[in-house]
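**Q** Residue strings, one per chain:
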Amino acid sequence: MKNQKNKSFLKSLNIEAWFGLIILITMVLLGILVPLLSPYDPLKSAGETLLAPCKEYLFGTDHLGRDIFTRTFASTQLDLILALIGVSAPLLIGTILGAVLGMTRNIFVSWIWMIIIDAINAFPFLVLVIAIVAIVGPGVQGLLIGLAAVNWARYAKMVRTKTLTLRDSEFIQATNVLGYSRLRILFKHVLPNVYPVALAYGLSDFVLVIITISGLSFLGAGVRPPTPEWGAMISEGRLYLQNQWWITVFPGLALSITASGVALLANGIMRRIEGED
Amino acid sequence: MQDQALNINSEINLKETENKNNDFLLRVQDLQISFNKGYKKLLPVVDVANFNLKSDDAIGIVGESGSGKTMLSRAIIGTLARRGALITSGKIFFNGIDLSISNEKTWRSIRGKKIGYVPQSSLAGLNPVLTIETQLLESIASSKKITVRDARKKAVELLEMVRITRAKQVLKNRSHELSGGMRQRVMIATAIAQNPRLLIADEPTTALDVTVQKDILKLITNLRVELGMSLILITHDLAIIEEVCNNVMVMYAGNTVEFGSVRELTITPKHPYTLALRDSRVDIASPGEDLETIPGDPTAVGHWPKGCRFWPRCVLADHKCMEDRNYPVFKVDKQLSACIHYERMEKIL
Amino acid sequence: MNENKKSKKNNWIIIMSRLVKNQFIYNLGKAVLVSFGVFLVMFSLIRFIPGDPVDMILGDSATEELRAEYREILGLEGSVFEQLKTSLGNIIRGDLGTSVVTKQSVNSIVKRALPPTAWLIIVSLFISLLLAIPLGLLVSLYRGRWIDKVFQIISSVLLSIPGFYMGLLLILLFALKLDILPVAGYKPGFPENLRYLWLPATTITVVMAPVLARVLQSSISNTLEQEFVETAIVRGLPRQNFIWRYLLRPSFAPTINLLGYMIGQMLGAAVVVEIVFNIPGIGTTLVIEGVLQRDYSLVQGIAFVFGIIVVIISFISESISAWLDPRGRSS
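Residue numbers (this note's numbering), protein chains in the order written: chain P, 1 to 277; chain A, 1001 to 1349; chain X, 2001 to 2331.
Quick caveat, the hints were computed from the structure, so don't treat them as lab data.
We put the beta carbon where it would ideally sit given N, CA and C, even for glycine.
Among the clues, some could well be false.
What the hints assert, rightly or not - Here are the computed lysine to aspartate or glutamate pairs in the EDC-like style, where the Cα-Cα straight-line distance is at most 20 Å:
1. P:K188 to P:D168
2. A:K1218 to A:E1242
3. A:K1114 to A:E1104
4. A:K1037 to X:E2082
5. X:K2030 to P:D118
6. A:K1037 to X:E2225
7. A:K1306 to A:E1323
8. A:K1347 to A:E1292
9. A:K1091 to A:E1104
Stated by the list, open to error - Between beta-carbon pairs, the in silico distance windows are:
10. X:I2316 to P:K188: 39 to 45 Å
11. P:T49 to X:G2185: 24 to 30 Å
12. P:M270 to X:I2316: 27 to 33 Å
13. X:L2178 to P:C54: 24 to 30 Å
Chain P extracted, bound-state conformation:
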């Protein structure tokens, strides 16, 4: 039964989602195949520096002589995996916390947490993440910590709101009457009903996270050179923008296309789900 459901779901996806899916799959495939098959090492110089795109070097070479084509697609895996972590961690933390906050009858606790959550959400996302990265130190670790520490609040707020509406519904009241333990109510009854909201938000959050990760790397506060990462590469190419534009343009293109793919897929799925409702 479940298989049938999944199959027909796939078939009925709209154009947007298909577009997004195709783009995404293409980029992922390239991300796996190119570094595997390319004769060049993304970290080492392959020859002359600052070469324009040509047959040998499809995207040209950068100021250190590295092949940009290989580097660009080597970054795909990194960025996507980082983004995945950057979405799942806040999602998990935020959802559970949000559900607990929604179920608690303790007004005091609820209010204090809500003020903290609202305060965190008040800051522009990038600003707070940057501030945290400043504190804990740049690098991949700092990046992920910063993301998790800020983004959980958005999930928590959303899940809490949904939990609140759920709490007054009859079937939760029924479980109370039946004397289920609070933990059981939370995990077996509340969470399964609220996680779709979180997942839906997570889909669209994915794009924001990808952009934030590369943004921070661009600023020098995330992934650092020489690791190939789109944001970092864009930053490296900035000095040469006037004449050797390819150092910046191609990684950025890859970044934008991948992010677009995710965005289209996410939007497509969201519209489909909304249409169902």
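Once you have looked at the hints, place chains A and X on chain P.
**A** Leaving out everything else, chains A and X in the frame of chain P:
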């Protein structure tokens, strides 16, 4: 029997030769309305409706939910497109104008001015950010030039006409500050603001308390007399129609099943559905006895059975009823009935 | 005498509960509380540094005096409670602290850096609204047709292009290749600064305008479906009147609410855009002078300013939207 079946068009033609054209304010002929489901899929929701309205007449349209009565009223006021529906065949003649092929310009000259419409949910029908006065003024002044002072006076008059006390106070209010009954009266006031010839009221009392219902009905009747308007009253409650209307059109599953005067339909209904409706009325049920109900459920739009749509629930049904056919209409005395067994009706009364 | 006291107390309770129910007071109270939360977040930022913040800045070889000095600047002297009291006292007086690197007062740094950012936001907002309102209106009136779908896809794509990349592309095209606008930099004072603000504002607009249009469109669509719009049609009201009174005005309330949120987003985007275009606003200051120099107190102070600005703007937009929509609710 077949030769007694007359196509409604020829029926109208007959009447035309009998009376002058002008006698009929509104004529609905073989009207079919469908939902446009996209990709050329059409889902009929009214199939077919027929009735005539003379000037100064009051017609009730009665039917269960899903009978298509509201869509029919929307066709007359031209808001089908908003709902993704359209007229797929048939005609609507208002004062000689063919409404089924009108453009927006024509509609704008008719809406509010020649036809007033009191929609189903008047409770949410007023703009929440504007005052009552502003909205009344809108309705008063939308066509002719009128000074602000005169318009304001007229607004107060209108509110008094719909029996709202403290009219001046209510003018300053906003819709969420008024009770349901008040809102309904304001809606009626906006509908009659320009003295339309026809007033269409879609379920005007359904969402109101029982005590308020009677007042609204009385109000509508009085207004009809005072302003000389014709009335189309849409409801699922036969009792209301008996109080207010002269003629009634019964709809079932998108089809006009009977049309005639209230008196005749009540005493001698010529369609089993009308009979069932009459007998299932709660207000005339005898205490202590079981309530009469119509067995079965109304079929959903799109799942109408072939042949007569009522046959699964009909006491007179036989195999002839299940045959697919065009909808003939039979002229029986002064009524029109869609039942091919209308003669047998006398036996089961 | 007791009777008097009791009735006075009851009156107080009635007045207070009526006040709280009043939407405006509620919003105000919420804003104050969230501001306090912003302060707490800022306060705890530094205290979450792994290891000693002073060590981080000075290294191991600093003298005890120097360390004590820095500790004081960062506000790390004394127990946590004392620190909280001092910090809160400072903030209420408007003192944001001192930069550990330049020893200037954070207030003066912020004062210097705020105007360019403010101008950037204002110009971006202006252009965005100019584009978004007609766009949103257009798309909502032609809902479901191909215009809507195309708009959807284009805005999804535009939103996925990171701000810094878009900025660099614009620089590449307009400044480097076509040479119409300056590459970067800033000249204070209106209207000279406009020349330097066009490209950065466009960068922000490219991302913000579609989102704004989307919000407006969804709000208008919601409004369109409301009963009173149908009633207005049925009453035969003339078209222009109709579009403003029945579509735009009721749709504005939720839109303005979200506008406050959007300005917050814009501030975030502005940080990156400022750096790309070398505009000396609070964004650049935060990153270049704050983060990259490990100037913790500066980072703290500027982050706080960001947070407070957003809270204030949210409060203002909530109040305006509540005034526009007298029902006191927004969809």
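**Q** With reference to the structure, classify each hint as holding or not holding.
**A** For each hint, the structure was consulted:
Restraint check for K188 (chain P) and D168 (chain P): satisfied, since their Cα atoms lie roughly 17 Å apart, inside the 20 Å limit. Taking the CA atoms of K1218 (chain A) and E1242 (chain A), the gap is about 12 Å. The hint holds against a cut of 20 Å. A hinted pair counts as satisfied when its Cα atoms are at most 20 Å apart, and K1114 (chain A) with E1104 (chain A) qualifies at roughly 15 Å. The hinted pair formed by K1037 (chain A) and E2082 (chain X) fails the criterion: a straight-line CA distance of about 69 Å is larger than 20 Å.
For the hint linking K2030 (chain X) to D118 (chain P), the alpha-carbon distance of about 10 Å falls within 20 Å, and the restraint holds. Restraint check: the Cα-Cα separation between K1037 (chain A) and E2225 (chain X) comes to about 18 Å, which is no more than 20 Å; the hinted pair holds. With a CA separation close to 7 Å, the supplied pair K1306 (chain A) and E1323 (chain A) stays within the 20 Å bound. The suggested pairing of K1347 (chain A) with E1292 (chain A) holds, with an alpha-carbon distance near 18 Å, which does not exceed 20 Å.
Simply put, K1091 (chain A) and E1104 (chain A) have alpha-carbon atoms about 17 Å apart, close enough for the 20 Å limit, and the pair holds. For the pair I2316 (chain X) and K188 (chain P), the beta carbons lie near 44 Å from each other, so the given range of 39 to 45 Å is met. Checked against the hint of 24 to 30 Å, the C-beta distance between T49 (chain P) and G2185 (chain X) comes to roughly 28 Å, which is consistent with it. Separated by about 31 Å at the C-beta atoms, M270 (chain P) and I2316 (chain X) satisfy the suggested range of 27 to 33 Å.
Checked against the hint of 24 to 30 Å, the C-beta distance between L2178 (chain X) and C54 (chain P) comes to roughly 26 Å, which is consistent with it.
When the structure is compared with the earlier hints, a violation turns up for hint 4 alone.
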